[in-house]
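S.K.: Note that the protein sequences, when read in sequence, are chains Y and U. Sequential numbering from 3 applies to the first sequence in our numbering. Sequential numbering from -5 applies to the second sequence in our numbering.
Simulated from the structure, these hints should not be mistaken for laboratory data. None of the values given here were measured: they were computed from a predicted structure. Be aware that one or more of the hints could be misleading.
What the hints assert, rightly or not - Derived SDA-like pairs: lysine to any residue, alpha-carbon spacing no greater than 25 Å straight-line: (1) Y/Lys10 with U/Tyr278; (2) U/Lys382 with Y/Phe26; (3) U/Lys477 with Y/Asp7; (4) Y/Lys38 with U/Asp109; (5) Y/Lys42 with U/Lys262; (6) Y/Lys8 with U/Tyr278; (7) U/Lys470 with Y/Met49; (8) U/Lys470 with Y/Gly50; (9) Y/Lys38 with U/Ser252; (10) U/Lys272 with Y/Met49; (11) Y/Lys42 with U/Arg277; (12) Y/Lys66 with U/Leu467; (13) Y/Lys66 with U/Lys470; (14) U/Lys417 with U/Ile61; (15) U/Lys249 with Y/Pro37; (16) Y/Lys10 with U/Gln268; (17) U/Lys382 with Y/Asp68; (18) Y/Lys42 with U/Arg489; (19) U/Lys382 with Y/Pro37; (20) U/Lys623 with Y/Gly50; (21) Y/Lys10 with U/Ile256; (22) U/Lys378 with Y/Gly50; (23) Y/Lys42 with U/Lys378; (24) U/Lys378 with Y/Thr70; (25) Y/Lys42 with U/Cys251; (26) Y/Lys38 with U/Glu166; (27) U/Lys382 with Y/Lys38; (28) Y/Lys19 with U/Gly202; (29) Y/Lys19 with U/Gly168; (30) U/Lys494 with U/Leu294; (31) Y/Lys19 with U/Phe246; (32) U/Lys477 with Y/Gly50; (33) Y/Lys38 with U/Glu85; (34) Y/Lys38 with U/Glu230; (35) Y/Lys10 with U/Arg277; (36) Y/Lys66 with U/Lys623; (37) Y/Lys42 with U/Lys249; (38) Y/Lys42 with Y/Phe26; (39) Y/Lys10 with Y/Arg45.
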Amino acid sequence: MMTLDKVKAGCTCRVTKVNGDGEFRYRLLDMGLIPKTLVKVIRFAPMGDPMEVRLRGYELTLRKSDATMIEVEE
Amino acid sequence: MIFALIGNPNCGKTALFNQLTGANQHVGNFPGVTVDGKSGAIKGVKDCTVVDLPGIYSLRPYSGEEIVTRDFLLKSKPDGIINIVDGTNPERNLYLTLQLLEMGIPTVVALNMMDEVAASGGSIDVKKMSESLGVPVVPISAVKNEGVRDLVNVLLDTAKKKILPSVTDFCEEGPVHRCIHALGYLLEDHAKRAGISSRFAATKVIEGDAEIVDLIAPDENELEAAEHNIVEMESEYGMDRHAALADMRYTFIEKVCSATVIRCRESKEHRRSQAIDKVLTNRYAAIPIFVGAMFLIFYLTFEVVGYYLSLLIEMGIDKLCLLTEAGLNTLQTNPIMISLITDGIFQGVGSVLSFIPYIVVLFFFLSVLEDTGYMARVAFVMDKLLRKIGLSGKSIVPMLIGFGCSVPAVMSTRTLSGDRDRKMTILLIPFMSCSAKIPIYALFTAAFFPQYKALVMMALYFGGMAIGILFALLLKYTLFRGKPNPFVMELPNYRFPSPKSVLLLMWSKAKDFLTKAFTVIFIASIIIWFLQSFDIRFNHVDDAGSSMLAAIGGIIAPIFRPCGFGTWQASTALIAGFTAKEAVVSTLGVLTSDLSMIFGPASAFGFLTFTLLYTPCVAAVTTIKKELKSLPATLLIILVQCLIAWVFATIVYQIAAACGG
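Kindly generate the complete structure, drawing on both the sequences and the hints.
M.R.: Written out as structure tokens, the structure reads:
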């Protein structure tokens, strides 16, 4: 199973499922990370974490540990 | 009439607020700079108030800001909503719009940054968008003040005629649609009684919003029926309720956008942002650039701009003081009166006034960092480091603001999502040396270490941070064990800060400082002068050493003997500093004309260390209490800060003295 944190910088993927629970998950959904959404990984921060992604016309940053909650497909 | 101004962070909301009201307000570019709903009268319209609410992404109540906004809409029942939407990024912005429309309040959508959209060759069919959303849509550019008049006219018209959003159905035929309508029907009577729309009630019950459920108070059978409906929808739709609702909204928005928005190419601003980010968040360059930027800011503030401006003001005040003294002498005024004016007021207020340039310049740089959007990148770059001490990257913003003033810094912690992060950040802010302490540092470095001014300043600032980090680690492994809060943050496009908003901010800081100088510091100066000019029997004394003040200061002075400054003057100055940190300088100014009489280089180091770390001023303490909602915790903070200050001041003094200082 592929998760968002494993996607390489510059690659685009499609969200299949958003795991996790509570406030954190609602935040992801509200920011537009829902199944079928296309997400492009822009870069990782200088120390390797967090990561910057582009979706729905804007840039979002989230930690790799949180990105493991997002299942994606190429 | 009352209007609510609502929108995502970074969509130009505060800029629009400034255009509408002309109020002195700050435009931020970091998610959530507006932390308190500010209000102002709309220019040129009678009896119309607009309330600037925090920037939010959704009405789901999970952070302080969303709750503030939702409560305002539910409880204050505004006559209308101005929903500002970033025209360069309508998709995510409209997500909030759909939730607002559900509330059944007259709403106008202000489509902002239309100048940027046009400049990059895009366009938005405003008429069509207005039809699909069922509310008026007005294109504007808040920064350029275009379309704002039209917006006000449309808003007044909509509110006066109480035109409610005409489209209330955002779902295509299907399980979600059926579920919302079934619940709306089921809860209609309850919703009506509670004064909210039935669709809003239905979606909130699906989201499991406990407060709304309490408000509409359905009976057990109804709740059970609702739950049954929702579970059925979940299994039919193949997503859980939360994902299903988000999916329903975004699907509707995608449809609206594909029919109305033409994106010719990537916007100029966005391409520029990407290019800047390649450098500023570069793997190797990011951290050196951040440290360099900080260094440059401090250098410019303390060595270049602030220093010379401050020197000028100081000379002016000295001249004025001499002139006044000469004038009063020729008028043969009572010497005690002359002493009050020159030794008390001029020394006290004057010594503080000359530091205005430092503070204004420092705030200038901080606001530029914030308005350009660089602060958000700093949060991105520094998150991993901050997580090591139990915080998140977002905490960097309140901490950097803390270098300006602890009060707005503590208030801005409201933008942090978790309670744990918030509390820890608040506890760390006092370690970020605030700008009111600059006068103290400047005074002592000028007197004792003139050739190492910048070095001593840096040592103090970094020393404060280092001790703060140790303190954070201690907290992380004791009081605040547990998982750090998630870090999900938008990286807004870089924007050129509006000179108007930066100038307004600098002016408001200068004004705050002047007000403080002529109120708190003024009164404190007079009290200190009085206490040091008279003894306990109210006889005028020539030698301050036999005054009331010496007696009071003498009582606590022994406590500070290990730190090297066990004199009554130093103790008094520190007590006065609790009212405002500048008062340390004004008090010393009143008490002595020559610092070297009370301090040596080693004890000066000890004193600086103590002032760096000891209790925040009254204003900051009050704000901390308000945010922590706990008096014992606040008192504990004061105590702990003083204790830490004492310990480190002692260490520093003893080492410095041993090294022959």
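S.K.: For a quick check of understanding: which of the numbered hints are violated here, in increasing order?
M.R.: 4, 19, 20, 21, 27, 36
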